[in-house]
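Per our numbering, the sequence shown starts with residue -19, numbered consecutively.
Keep in mind that the hints are not guaranteed to be accurate.
Computed beta-carbon distance windows for the label pairs [to be verified]: (1) D27 with K56: 17 to 27 Å; (2) K11 with E105: 36 to 46 Å; (3) G58 with K(-8): 29 to 39 Å; (4) K65 with K39: 11 to 21 Å; (5) D89 with K(-13): 32 to 42 Å; (6) K123 with D(-9): 10 to 20 Å; (7) R70 with I(-16): 17 to 27 Å; (8) R70 with Q104: 18 to 28 Å.
Restricting the straight-line Cα-Cα distance to at most 30 Å, the calculated cross-link-like pairs of lysine-lysine (DSS-like) are [as the list claims (entries may be wrong)]: (9) K93 with K57; (10) K93 with K(-8); (11) K(-8) with K94; (12) K106 with K94.
In case anyone wonders, no lab produced these hints; they're calculated from the structure.
Using N, Cα and C, we set each Cβ at its ideal position, and we do this for glycine too.
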Amino acid sequence: MNFITYKNLIDKYNRNIDSAIQDEIRPCCYKNKITYLQYQILAVLFDDGALSIGDLSEKMSMDTGNMSAQCKRLEKKGYTLRLRKKFDERVVDVSLTRQGRLVITEMNDMLNKKYKSKWNKLSQEKKDKMIEAYEIMQELFIKK
């Protein structure tokens, strides 16, 4: 197989996996009045703690303007808090509120329940292979 064939296959697998996860989490998103993208933003903040709009944008490969707009929407819903840095008002930090932590915990618990038995049935060798495959793809596609 040539590079383009591999790339297209990887893209297809990623789309299928992402679509399946979105289908599972969509009812929870509707319930909490957020989009799947907003769920992903909450998940990053849950895992990494408070981040600047710039750092959050970089982690999610999004434009800072789009990220800023999403974070404003999440703040209006009470899920995030945005604070400008005193030393430089251009820098805005975003963190989860208590309500935001509760929402992301609920959504993660729902996904965990859905996939826990399947995940536990995988051998450690297969789990390691999945991570290794993504590490190889990062080496290939991400500039360093």
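Structure-based check of all given hints:
With their beta carbons about 23 Å apart, D27 and K56 fall inside the hinted range of 17 to 27 Å. For the pair K11 and E105, the beta carbons lie near 37 Å from each other, so the given range of 36 to 46 Å is met. Take G58 and K(-8): their Cβ atoms lie about 38 Å apart, and the range 29 to 39 Å holds. Taken as a hint, the range 11 to 21 Å holds for the pair K65 and K39, whose Cβ atoms sit roughly 18 Å apart.
The hinted range of 32 to 42 Å is satisfied by D89 and K(-13), whose Cβ atoms lie roughly 35 Å apart. Our hint of 10 to 20 Å for K123 and D(-9) holds, since their Cβ atoms are close to 19 Å apart. Separated by about 41 Å at the C-beta atoms, R70 and I(-16) break the suggested range of 17 to 27 Å. For the hinted restraint 18 to 28 Å between R70 and Q104, the CB-CB distance of approximately 46 Å leaves it violated.
With a CA separation close to 26 Å, the supplied pair K93 and K57 stays within the 30 Å bound. For the hint linking K93 to K(-8), the alpha-carbon distance of about 26 Å falls within 30 Å, and the restraint holds. Proposed proximity of K(-8) and K94 is supported: the alpha carbons are some 23 Å apart, at most 30 Å. Distance check on the hinted pair: K106 and K94 sit about 19 Å apart at the alpha-carbon level, within 30 Å; holds.
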